[in-house]
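Visitor: Chains A and B, in that order, are what the protein sequence lines are. -10 is the number of the first residue of the first sequence in the numbering used here; add one for each residue after it. -10 is the number of the first residue of the second sequence in the numbering used here; add one for each residue after it.
No lab work stands behind these hints, which were simulated from the structure alone. Keep in mind the model is a prediction, meaning the values are calculated, not measured. Any given hint might turn out to be false.
Just so you know, same-sequence chains aren't split out, so a pair can sit in one copy or run between any two.
As the list claims (entries may be wrong) - Here are the simulated lysine-lysine pairs, DSS-like style, with alpha carbons at most 30 Å apart: (1) K13 to K50; (2) K50 to K(-2); (3) K13 to K35; (4) K13 to K0; (5) K30 to K9.
There are 2 protein chains.
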Amino acid sequence: MFIADIRIKLKKGVADPEGKNTMKALELLGFYEVVAVDTSKFFSVKLDTQDESEARTQVEKMCQNLLANPVINEYSYDIRTVEGA
Amino acid sequence: MFIADIRIKLKKGVADPEGKNTMKALELLGFYEVVAVDTSKFFSVKLDTQDESEARTQVEKMCQNLLANPVINEYSYDIRTVEGA
């Protein structure tokens, strides 16, 4: 069993209104040290396979075909082993 | 300057419909090895301070006051130094 921790970020230059609004809210709450907030999405995908390179191939395909929008997103992931249950 | 990478997860037992739907979509696309998908939210907050323990205190407060909903969320974060710009 593997778990892939996949992070889907916005590409540089793509507007991040949620980040902007979060920053504004933090300022209103008195967090004056905050100079930037970027948001991203995180998926933990559990895979029932014994083969790490197979898991890696699958995760790469998932990102390309479903999880990330190639126009606005870039993705990165870590794959870790977990005890099967 | 510090960047805090903050991850806001759903507490165990809280429904994650986005994760469930993502899993269904992955199955429909032929990813039969997937046995679970959990989603979470990620904030990268850049702080203009020189004091790491101050940064840590601020981030803890941000999570409690704005970023996480204590009823359904748990949070974790890493703080790393970046070259000021």
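Visitor: All hints, please: hold or fail.
Guide: Comparing the hints with the structure gives:
1. K13 to K50: between (36 Å within a copy, 16 Å between copies)
2. K50 to K(-2): both (17 Å within a copy, 24 Å between copies)
3. K13 to K35: between (36 Å within a copy, 13 Å between copies)
4. K13 to K0: both (21 Å within a copy, 27 Å between copies)
5. K30 to K9: both (16 Å within a copy, 15 Å between copies)
When each numbered hint is compared with the structure, no violation occurs for any of them.
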